[in-house]
Amino acid sequence: MTSVPLHYYLVVSAALFAIGLAGALTRRNAIIALIGIELMLNAANLNFIAFWRYSPKAEAVTGVMFVLFSIGIAAAEAAVGLALIIAIYRHYRTTNLDEISSMKG
Amino acid sequence: MEVVFFIITVLTLAGAIAAMSLRHLVHCALCLAVAFGGLAAFYLQLNAQFIGFAQILVYIGAVAVLIVFAILLTRGIESAPQPLFSSAWPVGLGVALLVFGSLVFAIQSSSVAQQQAAPSAQATIRTIGSQLMTNFVLPLELIALLLTAALIGAVIIAMQEPSAKSTPMKDHAASAPIPSVPEEQR
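Sequence order for the protein chains is A and B.
Going by this note's numbering, 5 is the number at position 5 of the first sequence; the sequence numbering is gapless.
Going by this note's numbering, 1167 is the number at position 167 of the second sequence; the sequence numbering is gapless.
Bear in mind the hints are in silico, worked out from the structure with no lab data behind them.
Hints may contain errors.
Claimed, not checked - So, partial list: chain A residues that the calculated Cβ filter (under 8 Å) puts toward chain B:
{"#": "1", "residue": "Y8"}
{"#": "2", "residue": "R27"}
{"#": "3", "residue": "N29"}
{"#": "4", "residue": "A78"}
{"#": "5", "residue": "A87"}
As the list claims (entries may be wrong) - Quick list of simulated restraints, FRET-style, between CB atoms:
{"#": "6", "chain 1": "A", "residue 1": "P5", "chain 2": "B", "residue 2": "M1133", "range": "31 to 37 Å"}
{"#": "7", "chain 1": "B", "residue 1": "Q1108", "chain 2": "A", "residue 2": "T62", "range": "22 to 28 Å"}
{"#": "8", "chain 1": "A", "residue 1": "P56", "chain 2": "B", "residue 2": "M1159", "range": "47 to 53 Å"}
To be verified - The list that follows gives simulated cross-link-like pairs (lysine to any residue, SDA-like), each with its CA atoms no further than 25 Å apart:
{"#": "9", "chain 1": "A", "residue 1": "K57", "chain 2": "A", "residue 2": "V11"}
{"#": "10", "chain 1": "A", "residue 1": "K57", "chain 2": "B", "residue 2": "T1127"}
{"#": "11", "chain 1": "A", "residue 1": "K57", "chain 2": "B", "residue 2": "L1145"}
{"#": "12", "chain 1": "A", "residue 1": "K57", "chain 2": "B", "residue 2": "Q1045"}
{"#": "13", "chain 1": "A", "residue 1": "K57", "chain 2": "B", "residue 2": "L1057"}
{"#": "14", "chain 1": "A", "residue 1": "K57", "chain 2": "B", "residue 2": "G1052"}
{"#": "15", "chain 1": "A", "residue 1": "K57", "chain 2": "B", "residue 2": "Q1114"}
Yeah, the Cβ is synthetic: ideal placement off N, Cα and C, and Gly gets one too.
The following block holds chain A by itself, in its conformation from the complex (with noise of 0.2 Å):
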């Protein structure tokens, strides 16, 4: 069904991984390197799909039962971090993670 070679797909992963990584490291928002983060992630997730489908061994479905519970974990990271951008919002005033650099109450 695929033509596509395997390491288009890693060159893809990679290339969203280094989107993100530049997001999450440049960007002075908090929100925004949040998105970076995810980005990360889901480039792992299709890291892990594009191995599953051209692995020799596809009837074992480990990539994609790994990928669902990745998703899972992002979904949780995802809730959790926002609630900490709104909790240090409501602190601070700002989201400007430049301005953030206490660790004081």
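Given chain A's structure and the hints, the job is docking chain B onto it.
Frame of chain A, contents of chain B only:
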């Protein structure tokens, strides 16, 4: 097939780049939804239908909407006059390019990447369900526990404002029993 692959690639990567570089935060969240949709199309193209639809439901339906809610709650709408990127942005960009370069080098030089697709790789709902109930039953229970803990934790973290506000108000009421301001203005 390659044409479809390149169309989805362009859509996904353009959505991701736009989500990371636009100034308006709501636009960022919508471009993120486009990138998630492209990834779901990748999963469908790779014969993982269940994961593709789970991606649409969880990421576009829940995570992207949650991010939009967070943006609205933190008043990200107002366009900030301050610069978009942090002061150390060349370092971050350099690190990302370095990671991308080393990943591409590793992919090009490995022998795994030359593998052909398995002829009949299928992840049917029946297989996934039976695997979840046999080999993966412990991770399933663990993720149920994790989701419950995350739900309670998110509520507690986001709820701390009323208790923090009520304590100084109680102190204020105790120290000044006769308020000089009317009740409506406080």
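Status of each hint after checking the structure:
1. Y8: OK, holds: A/Y8 within 8 Å of chain B, min 7 Å.
2. R27: Constraint on A/R27 satisfied, holds at 6 Å.
3. N29: The hint holds - A/N29 has a Cβ within 8 Å of chain B, the shortest such distance being about 7 Å.
4. A78: 5 Å, holds
5. A87: 5 Å, holds
6. A/P5 / B/M1133: 31 to 37 Å: 35 Å, holds
7. B/Q1108 / A/T62: 22 to 28 Å: 26 Å, holds
8. A/P56 / B/M1159: 47 to 53 Å: 51 Å, holds
9. A/K57 / A/V11: 23 Å, holds
10. A/K57 / B/T1127: Since the Cα atoms of A/K57 and B/T1127 sit roughly 14 Å apart, the hinted pair holds (cutoff 25 Å).
11. A/K57 / B/L1145: Status violated; Cα separation ~31 Å.
12. A/K57 / B/Q1045: The hint holds at about 19 Å.
13. A/K57 / B/L1057: 28 Å, violated
14. A/K57 / B/G1052: 21 Å, holds
15. A/K57 / B/Q1114: Given pair A/K57, B/Q1114 holds - Cα atoms ~16 Å apart, limit 25 Å.
This entry does not satisfy hints 11, 13, going by the numbered hints stated previously.
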